[in-house]
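*Asks:* Each chain, written out:
Protein chains: 2
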Amino acid sequence: MTLLDTVTEQSGAAAYVGYGSSLDPDMRYLTRFSCTDPVVYLKKTGEQGRIVVSQMEYGRAVQESAFLPVTRSEAGLLEILKEEPDRWKATATMISRLAGGDLLVSPTFPAGLYAPLSSLCTVVIDDQTVERMRAVKSEEEIACIRTVQLATEASMKTARKLIHRAKVKKGALQRDGEPLTAEWVKQAIHTTLLEHGCTGAETIVSCGPDSAMPHHTGAGPLLEGEPIVIDIFPKSETTGYYADMTRTYVKGEADPAIGEMYAAVRDAKAAALKEIRAGAGGAAVHQVAVDLFAERGYPTGATGFTHNLGHGVGLAVHELPTLGPSGGPLGAGEVVTVEPGLYFPGIGGVRLEDLCVVRSDGAENLTHCKEEMIL
Amino acid sequence: MTLLDTVTEQSGAAAYVGYGSSLDPDMRYLTRFSCTDPVVYLKKTGEQGRIVVSQMEYGRAVQESAFLPVTRSEAGLLEILKEEPDRWKATATMISRLAGGDLLVSPTFPAGLYAPLSSLCTVVIDDQTVERMRAVKSEEEIACIRTVQLATEASMKTARKLIHRAKVKKGALQRDGEPLTAEWVKQAIHTTLLEHGCTGAETIVSCGPDSAMPHHTGAGPLLEGEPIVIDIFPKSETTGYYADMTRTYVKGEADPAIGEMYAAVRDAKAAALKEIRAGAGGAAVHQVAVDLFAERGYPTGATGFTHNLGHGVGLAVHELPTLGPSGGPLGAGEVVTVEPGLYFPGIGGVRLEDLCVVRSDGAENLTHCKEEMIL
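Residue numbers (this note's numbering), protein chains in the order written: chain A, 19 to 393; chain B, 19 to 393.
These are computed hints drawn from the structure, not numbers from a lab. The structure presented is a predicted model; accordingly, all values stated were derived computationally and were not measured. Where hints are given, some of them may not hold.
Same chains, same label: a pair holds when it works inside one copy or across any pair of copies.
Below, computed lysine to any residue pairings styled on SDA-like, alpha-carbon distance capped at 20 Å [as the list claims (entries may be wrong)]: (1) Lys100 with Gln73; (2) Lys62 with Gly118; (3) Lys100 with Asp145; (4) Lys107 with Ser29; (5) Lys107 with Thr140; (6) Lys62 with Ala32; (7) Lys292 with Ala281; (8) Lys107 with Ser136; (9) Lys107 with Pro125; (10) Lys107 with Gly118; (11) Lys107 with Val142; (12) Lys107 with Gln146; (13) Lys179 with Lys388; (14) Lys100 with Ser344; (15) Lys175 with Gln192; (16) Lys187 with Thr199; (17) Lys62 with Thr147; (18) Lys107 with Asp145; (19) Lys179 with Gln205.
Hey, can you work out the whole structure from these sequences and the hints?
*Replies:* Okay, structure coming up:
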């Protein structure tokens, strides 16, 4: 019995059902099948999971997925569509027949299926069971993440080198006589990632005022003496796993205010990493950073430390567990970021982020990239 | 009044509400905000849309989104969470208070919000209104797609060159003394896409028996005399729009069976393209290909022509309209693929795919890549 079986049984349902493409990390985790179009996943307690795919995906699903697939027509969809032309309602009928009883679904299950299914049986909405299963990684999954982390570090090295070797002209970084822009650095990062079989998206290379907005992806020329926040969180094209890392650099001399922020962020990261082990509270680890920042005179809230200390990383770049006020106890095998940051409009931002595995006796840091502010 | 307003009003709802990240093309279309974490979109009829974002995204949302954003705490979520700690239920309460009446949602709206909202008000599930809005592109959107199509063609050129220049040894393609693999060609395609600001994923370079499975992404050495199906559908990193194109090549001499399939597919594409104009039926255009294949002795079904003739392309790579048995009349400004294909296990597959804009007087083909089988 898996955790999913246990929870399904406890909910009184006969089966767990999921619907989505492999962009949905729950679906990718459950099906081990990579697909751009949605499939149905159905698991009766104690039985193997099944996926229902289109005729077109069948051959590939036989080869790739963890389970024996069935086609939609084998599952009766074409017959049902003759009497119920609405695809959502027809799919709901097909699911209900396959399950033969009440259902457990995730909160992200589409309302278009939930509503018609609710008139056919009891549909219980689950609370993060699959997400909690995903949070705890096997050593095989950790190996996948480690590989992506290596790609991430290689691409950070590419970015670092570009900034390190840049010349400065009128306060702006230059390379081969051209302004070195955020776009240029991102391009170089993405090319390195690609060489390692990974894809980067929404990569952050933000400088100056932009760096004060944690999720600003950055644009335009990079400037001397201003923090350059580089946050890279690529996905492996083969396994679907992510890694996540941030470094902040300054080209030339940094304002003392930035230097002090950098030291506080670095120390907060080190202090929080020391507290991480199986059983430690996600809220308590977050609080370590909050307290250290408070000691140095930095607020936590709308400015200063504006976000959670960290999050799980796996088939999604943001997943359980939470290192933040709402975080519960950490479990062995969880993979989390530790990413304290300080942000002040008008001054800029500094963030440093490592990725580590929660072990029974501490954090195993997967990050080996040096911390250095001045390039 | 937009179409969304009209449909909302007709449904008896006070507001349309959406929930998701910008990976959800409806959300990206409605909010014009690129975000990896889910936001709430709410539009009361006749009013401007609003998005509810986290504190952390607020600054960026002010700069980037089409509307004035509100933070979750401004929208009352933090207050509600004090009494209702379940985040889904608390978010439902927040939405219900913001809307002040009944709601219209999409079929993909999460059940985790739909269920608690249904106990607070009437929630009507919409049928593809936003998808139908997305289907018809403005000239500005078409310009975005055109740009991605140029990137797609540049990357096809890269692939073509690799195959064209490959040497053949013992039936396998070689480059610099190494086997030229599907992985190698995909890597080269992705690098070219990146140079054009686009990202490729699930790109297909499939050869031999793999090519008989339309969605097999392909792996391993490319072979002489076997069809090599290359299907590229990248996304612009800046605009979020997709393009889509397929070419099939053979290195060396092709089996006459493959040559005949190629000619039939090419002729089916040309015949279907001629039928495309505003008002033409998606089913009728699909039938043109079915009929042409039948004339040449090729079946439509489990083998032969196994999929729809085409689909819309925009902020999703598969969207409305449908060129297939269920397709309704095409509208001016829709952007569709025309991609007949023939697949026979043991023989292989051939697919050719162009991208075109539906105009009142015909199809404006956005594809300028030559058709040539033998390289």
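*Asks:* Any hints this thing doesn't respect? Which numbers, in order?
*Replies:* No numbers; nothing is violated.
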